[in-house]
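K.L.:
Model the full structure from these sequences, guided by the hints.
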Amino acid sequence: MQYKHYNITLKFTRQDALQYLMLKVATPDTDCSAATGCQMKKQGKREKAHKLLVHALKMNPDFVEALTELGTILEEEKDVVQADYLYTKALAISPCNESSLAISPCNERALVSSDRTLPLVEEIDQRHFGVIDSKVSSMMSIPKGNSALRRVMEETYYYHIYHTVAIEGNTLTLSEICHIIETRYAVPGKSLQEQNEVIGVDAAMKYINTTLLSLTVNDILEIHRRVLGYADPVEGGRLRTSQVFVGHHISPHPHELVQWLNPEEALQLHPVESAALTHYKLVYVHPFVDGNGCTSRLLMNLVLMQAQYYTALDTANKGDVRFIAKCTEITLDTLLIATTEHSVGLLAPFGVNLTLSVKICQLIYG
2 MQYKHYNITL KFTRQDALQY LMLKVATPDT DCSAATGCQM KKQGKREKAH
52 KLLVHALKMN PDFVEALTEL GTILEEEKDV VQADYLYTKA LAISPCNESS
102 LAISPCNERA LVSSDRTLPL VEEIDQRHFG VIDSKVSSMM SIPKGNSALR
152 RVMEETYYYH IYHTVAIEGN TLTLSEICHI IETRYAVPGK SLQEQNEVIG
202 VDAAMKYINT TLLSLTVNDI LEIHRRVLGY ADPVEGGRLR TSQVFVGHHI
252 SPHPHELVQW LNPEEALQLH PVESAALTHY KLVYVHPFVD GNGCTSRLLM
302 NLVLMQAQYY TALDTANKGD VRFIAKCTEI TLDTLLIATT EHSVGLLAPF
352 GVNLTLSVKI CQLIYG
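In the working numbering, the protein residues as written are 2 to 367.
Among these hints, one or two may not hold up.
[Claimed, not checked] Label pairs and their in silico Cβ distance ranges: (1) 59 x 131: 48 to 54 Å; (2) 148 x 117: 50 to 56 Å; (3) 120 x 49: 27 to 33 Å; (4) 47 x 239: 52 to 58 Å; (5) 52 x 146: 30 to 36 Å; (6) 269 x 125: 16 to 22 Å; (7) 235 x 190: 25 to 31 Å.
[As the list claims (entries may be wrong)] Capping the alpha-carbon separation at 35 Å, the derived lysine-lysine pairs in DSBU-like fashion look like this: (8) 59 x 327; (9) 327 x 79; (10) 282 x 59; (11) 136 x 90.
Honestly, the hints are just simulated from the structure, not real lab data. Glycine included, each C-beta is placed from N, C-alpha and C at the ideal position.
P.N.:
Here it is in structure tokens:
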């Protein structure tokens, strides 16, 4: 019998080699930490088990066994929300035995545990949404001509612009941003690029506030065109034509943006859930060369505004429903307190009057 020999060339980059070496070095220690953590848990040493499992996940965030085991510890400590998050993350990771279509044993535990925690978490979320809805009703009953309401909304408007550009690395202060928006004069000694970013976000927010928009591709392009209209007018309002990489994430084709706009299942969601999903999906698709984060935050606000929510939120890019819900509630509290118990001062250029609502906004934005 004769054998044929084939030469196969595999592309193996330097990055692949580094990842392979890191995996070879980290895996034994990760396995050891997780195994020791499980043993400590069996012995009733919960605190040590917790620390060891957290250590294992820092070295390998996708370690299914550690995710599931830490989830059980948190569940027993009555932190069902975080436990459910860990179970869900474990289930999102590929099965241990990729050659088999069956659910691996390590994922089966996560599946059973998730079935137990999910109804509890959904009940917690619905209660929180109910509280938010009640506060929205109270806020909507305030007359639109209320002077305190107008002042605090103006404050939160400036704060939103300040924080949304700061997330992208803009170094302008709040008072400088107020000066730019109110006078349209440049701040001496400051980057013109950063000042143009502020003017762009201001233009986009005014466009959203004065236009009846729906979540269509054209509307999103119009928002983005204003976001980058002064800082990068060439790219403003244009979908990217090249592949982009964000960390380990390979963004899909920008035309996939159309597939998730106004889906039927979104109609069944609470406005906070829908806003978080919209924010997450736009960041995931990453349809533009630049300005994705700012545009996604503006779209999130648009969804809440369409549901008669007043927001001045500034969030991370993970579409965290509970984080957004908490920020929404704090913002509503700010407005309600300002219009019923406390007077609120306007933001003066280069001399900001820090009032109660501003201090609460600082808690929101960190």
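K.L.:
For each hint, tell me whether it holds in the structure or not.
P.N.:
For each hint, the structure was consulted:
no.: 1; hint: 59 x 131: 48 to 54 Å; result: 36 Å, violated
no.: 2; hint: 148 x 117: 50 to 56 Å; result: 51 Å, holds
no.: 3; hint: 120 x 49: 27 to 33 Å; result: 31 Å, holds
no.: 4; hint: 47 x 239: 52 to 58 Å; result: 54 Å, holds
no.: 5; hint: 52 x 146: 30 to 36 Å; result: 56 Å, violated
no.: 6; hint: 269 x 125: 16 to 22 Å; result: 19 Å, holds
no.: 7; hint: 235 x 190: 25 to 31 Å; result: 27 Å, holds
no.: 8; hint: 59 x 327; result: 27 Å, holds
no.: 9; hint: 327 x 79; result: 20 Å, holds
no.: 10; hint: 282 x 59; result: 26 Å, holds
no.: 11; hint: 136 x 90; result: 32 Å, holds
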